[in-house]
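Read top to bottom, the protein sequences are chains A and B.
Per the numbering used here, residue 1 is the first one in the first sequence, and the count goes up by one each step.
Per the numbering used here, residue 1 is the first one in the second sequence, and the count goes up by one each step.
Hints listed in this document are in silico derivations from the structure and should not be mistaken for laboratory results.
There's no promise every hint is true.
[Unchecked claim] With a Cα cut of at most 16 angstroms, we get these calculated EDC-like pairs of lysine to aspartate or glutamate: (1) A:K58 with B:E66; (2) A:K53 with B:E142; (3) A:K163 with B:D127; (4) A:K121 with B:D125.
[To be verified] Just so you have them, the derived chain B footprint on chain A, three or more residues with Cβ under 8 angstroms: (5) 30-38; (6) 45-56; (7) 97-103; (8) 141-151.
Quick reminder that beta carbons are idealized off the backbone N, C-alpha and C, glycines included.
Here's the letter readout for the chains.
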Amino acid sequence: MNLPKLNPDQIKKLSLSVIGFVFLLYVYFTFFLGPLNKSHQATEAAIVDRQRKIDTSKGEMSKAANLERQAKDATSRFSALKALSPEGAPIAWFPPRIKTLFADQKIDKAVARLESATTPKEAELAGWTKYNWLIELPQTDYASLGQAVAALENTEPLLCITKLSIHPVPDQPQFQQAAIAASTVIEKQ
Amino acid sequence: MALHLNLLHEEILEQRQRHRDPLKIGILLLAGCGVLLFLYYGWNVYQTLQAKARLSAVERDWAKVEPQVTEAQKRAAELTNIINTTRVLDSYADDRFLWAPVLEKISHCVAPNAQLTAIEGAVQDDDKGVTLVIQGVAAAHEPRSAAEDLRQVLLEQLGQSYREVKVEFKALDDVETVTKVDGAAMPMARYTIAVSFKGNSAPKPAPAPGRSKRKNESS
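So that you can see chain A by itself, here it is in the shape it has in the complex (with noise of 0.2 angstroms):
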């Protein structure tokens, strides 16, 4: 193959042009073509973590619904547990309550004081307090007592009785007079 004779002008104009082109595609690459895949490639990437995201979402859409129905009976059993502690603070409605309930017992005097107050162990438990109460009946008999303790046991389903002492009255023996330990758990006003 004959290749023309190029003169030392042409030489230096085609290495000039060679250097130029190598500095083109550079530029090409650098700053134009390079950027463009970055944000192809961003975009790509975004589009599949949006999808996913609606992928998953519609999966947690129907496991909350499944939730829901799997939820009925805790939610209104867990209702029924609140609805059992009345608004305000306990120390200003749990003896009231406590001294009515022995009273239909016939017991008429009963005391319940508030020991103390502590967070339960539970840590499912944390947006409840447990209060300790000790509930003092100065005058009763053992057949109305038994009858009063189930009745507590039974209208109050967080009470929990922890100590129970029983002792006849020093001048009446034909009555008793009991002290009753309790604690129970309500949910934090």
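Please arrange chain B on chain A, whose structure you already have, making use of the hints.
What follows is chain B alone, placed relative to chain A:
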């Protein structure tokens, strides 16, 4: 054969040289490459714009769904919390020791010639064991055997409903005092009985989602 004379030889050579000018060819090649690169760039721009349009559509979909998803997640967390709390509260209510049935059983155990003077009971925190201390007096020809009868009946009655029942005398002393039972004077004995048992009659199965409510039946 005709003779051709080329009188423009130099001009034609010059013209040919101009056509084969490497600089010109290089510039043409460069321009061709430039066009190709430009077209390739344009194709990439088109694809990127299409991707951005798709992203906008997906973003719109997500914007529609997101509030519902956030609400659903919040509700799911709330429901999970309610379920867990209710489970713990139910176990709290179900596992507590009920005193009324014990008081009823004790009342059934006491014979006419025995009398209870004091009962002290407590539920242990650690293992939910129950301890009772029962004090009283018994009157009979053999007051100690009357007290022993009471202990036996307590053991039998409590054993029907509770586990690991232990009924032991802590003290059993004769008393000087004499009392009348059915018109007959009887010697007396004072006793202190210690009772211990586990609260539930059988070990509980694993907590079930539903709840079987246990109620006092002594009232």
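Structure versus earlier hints, numbers of those that do not hold, lowest first: 2 and 7
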